[in-house]
Every structure is written in structure tokens, then in C-alpha cells.
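In order, the protein sequence lines correspond to chains D and W. Anchor point for the first sequence: position 152 equals 154 in our numbering, and the numbering is continuous, going up by one each time. Anchor point for the second sequence: position 58 equals 138 in our numbering, and the numbering is continuous, going up by one each time.
No lab work stands behind these hints: they were computed from the structure. Keep in mind that a hint or two might mislead.
Taking lysine to any residue and the SDA-like style, the derived pairs with C-alpha atoms no more than 20 Å apart in a straight line are [stated by the list, open to error]: (1) W/Lys135 <-> D/Thr61; (2) W/Lys130 <-> D/Cys89; (3) D/Lys175 <-> W/Phe147; (4) D/Lys7 <-> D/Thr77; (5) D/Lys160 <-> W/Tyr148; (6) D/Lys26 <-> D/Phe101; (7) D/Lys160 <-> W/Phe147; (8) W/Lys135 <-> D/Phe101; (9) D/Lys175 <-> D/Ala4; (10) D/Lys7 <-> W/Arg139; (11) D/Lys7 <-> W/Tyr148; (12) W/Lys135 <-> D/Lys26; (13) W/Lys130 <-> D/Asn132; (14) W/Lys145 <-> D/Ala146; (15) D/Lys86 <-> D/Glu136.
All figures in this text were calculated on a predicted structure; none of them were measured in a lab.
Okay, here's what each chain looks like letter by letter:
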Amino acid sequence: MARMKFLCDADRCIECNACVTACKNEHEVPWGINRRRVVTINDGKPGERSVSMACMHCTDAPCQAVCPVDCFLTTADGVVLHSKDLCIGCGYCFYACPFGAPQYPKTGNFGSRGKMDKCTYCAGGPEADNSPEEYAKYGANRLAQGKLPICAEMCSTKALLAGDSEMIATIYKERVLKRGYGSGAWGWKVAYRETIAV
Amino acid sequence: MSKSITASAHEASEDRDVSRRRFFKVLGGASTVALAAPIMSDEAHAGESKDEARKSRYRETDHVKKFYSTNRY
Numbered sequence: 003m004a005r006m007k008f009l010c011d012a013d014r015c016i017e018c019n020a021c022v023t024a025c026k027n028e029h030e031v032p033w034g035i036n037r038r039r040v041v042t043i044n045d046g047k048p049g050e051r052s053v054s055m056a057c058m059h060c061t062d063a064p065c066q067a068v069c070p071v072d073c074f075l076t077t078a079d080g081v082v083l084h085s086k087d088l089c090i091g092c093g094y095c096f097y098a099c100p101f102g103a104p105q106y107p108k109t110g111n112f113g114s115r116g117k118m119d120k121c122t123y124c125a126g127g128p129e130a131d132n133s134p135e136e137y138a139k140y141g142a143n144r145l146a147q148g149k150l151p152i153c154a155e156m157c158s159t160k161a162l163l164a165g166d167s168e169m170i171a172t173i174y175k176e177r178v179l180k181r182g183y184g185s186g187a188w189g190w191k192v193a194y195r196e197t198i199a200v
Numbered sequence: 081m082s083k084s085i086t087a088s089a090h091e092a093s094e095d096r097d098v099s100r101r102r103f104f105k106v107l108g109g110a111s112t113v114a115l116a117a118p119i120m121s122d123e124a125h126a127g128e129s130k131d132e133a134r135k136s137r138y139r140e141t142d143h144v145k146k147f148y149s150t151n152r153y
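Construct all of the structure, not just a fragment, from the sequences and the given hints.
Rendered as C-alpha cells:
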């Protein structure tokens, strides 16, 4: 059975934020919520690195472990989904998640933040595949349409990989063998004209 | 005489108490069953829908294969 994963090739990410924009557009994500974000370290300095982050669809998901109403479910292909019908907006999942993936449409305390929203790996929710109800709550179900997440599919530098974990790991290994990694990568010294080890 | 009347009245009141207790026992049991039935049916329904929701959505279509091949460049 294929297991869905994201893998961001930090050597290729150029912090264009197109993955963030594409995600918001595809799923009509409400104002104030970003299901995906680009995090940059050493911004503006030689050796800066960017990585596109969203829900990592953990195998042993901490959000799932702490949810008091058990609204999370892991699909057979390893995608962590949640039910907005069951969610009470308590915020426990936000505190448990090491990636800051769960988002809330409103600011407030217990119960007044609204239903939690997060990356669905473009796999919708517990409703019937590609139904209007599913789209209204969770956005497009591209996986059921035979596609992959929009963020990865439209990445211009092919930095963000998505799909079967074995396949994307193989692709990443091929890249590293061919071009090197970090400061040993092809073109590093041309870009920075100095020796910076990463 | 008056003693025997008091005793019979006491017995009658005990009978009434017992029947009242039985009534509440039956009522309690019936309400428990009435409350549990929809909850149990909901659980069964949720179980069915959860199985459906947990199914794999990924398929290795031509579109997906093309994505993998373009990522190898």
C-alpha cells in the first residue's frame, strides 16, 4: 500500500510562496488561514534556506492522540483527515502539533475559534468524494480525481515532492547523487563565491 | 382491633411502596433502553461511514506517473 508523504528539497526551494497561493486558491481557504507556509532561515544571508511546511500527515499523529472528540482519522494511504462536524475547536491539536499545522478561522478561547482547518493532502474529508459538502468544508479532493496535491504539482522548481513515499524518496536520492547536497551541491560556489558550509 | 387495622394499613402501604418502586424500576429501564437505542445505531452508522472515509484515495494514474517523471529531471 502506497503511503502519502511530502518532501521539500531545500536546495531547490526559492521561497516564491506559489505553493501557499495555489493551496489557498484550490481549496478557497478562508481569510487568516494558511494550510501551507514557507519558512526561511538565515534570510538574506549567504546560505539561506527555505522549506515549505504544512501538515506532515504523521504516522502516529499527536493531534489525533490529544483530540478529546476523536475527530481525526488516518486513511489507508496514510493521510490524516479530520471531521469538521465533530471538531469542537478546543485547540488541543494546535498545541500538540510540532509543525503548527492546525489553524482556526476565528480568534478566541475554547469553542469560539471555529472548526479547525488544516492541510488535507488534497484528499477532502470524511464526506463522499468530490461532493459539494466535502468541497465546502475541506476543499478539493484531488487524490480521488487521480491527481496529487496542487502545491507539489505546480512547484516551479520541483522542490516540493508529494506522492508515494517510496517513489519520492527514490527521486530525492537520485537528485542528491547527481548534484550533491548543501554547500557541496552543484553551483553553490558560483552562487555565493565563498565557502559557506551548510 | 385497632391494632390489627393499623397492621393491615401498614402492610397495604408497604405493598404500595413496593409497587411504586417497581414502577420506577420499569420506567428507568425503559428510558435507558430508549436512550441507548439511537446512540448504538449512531455508533453503528459512524463505524460504517468511518470505514468508507478511511479508504485509500491515491491511484497511480497517468497524471501521477507524469508528475513523478518530470520530478526526475
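Each hint, compared with the structure:
no. : hint                  : in the structure
1   : W/Lys135 <-> D/Thr61  : 16 Å, holds
2   : W/Lys130 <-> D/Cys89  : 15 Å, holds
3   : D/Lys175 <-> W/Phe147 : 17 Å, holds
4   : D/Lys7 <-> D/Thr77    : 13 Å, holds
5   : D/Lys160 <-> W/Tyr148 : 10 Å, holds
6   : D/Lys26 <-> D/Phe101  : 18 Å, holds
7   : D/Lys160 <-> W/Phe147 : 10 Å, holds
8   : W/Lys135 <-> D/Phe101 : 26 Å, violated
9   : D/Lys175 <-> D/Ala4   : 18 Å, holds
10  : D/Lys7 <-> W/Arg139   : 14 Å, holds
11  : D/Lys7 <-> W/Tyr148   : 13 Å, holds
12  : W/Lys135 <-> D/Lys26  : 25 Å, violated
13  : W/Lys130 <-> D/Asn132 : 17 Å, holds
14  : W/Lys145 <-> D/Ala146 : 15 Å, holds
15  : D/Lys86 <-> D/Glu136  : 10 Å, holds
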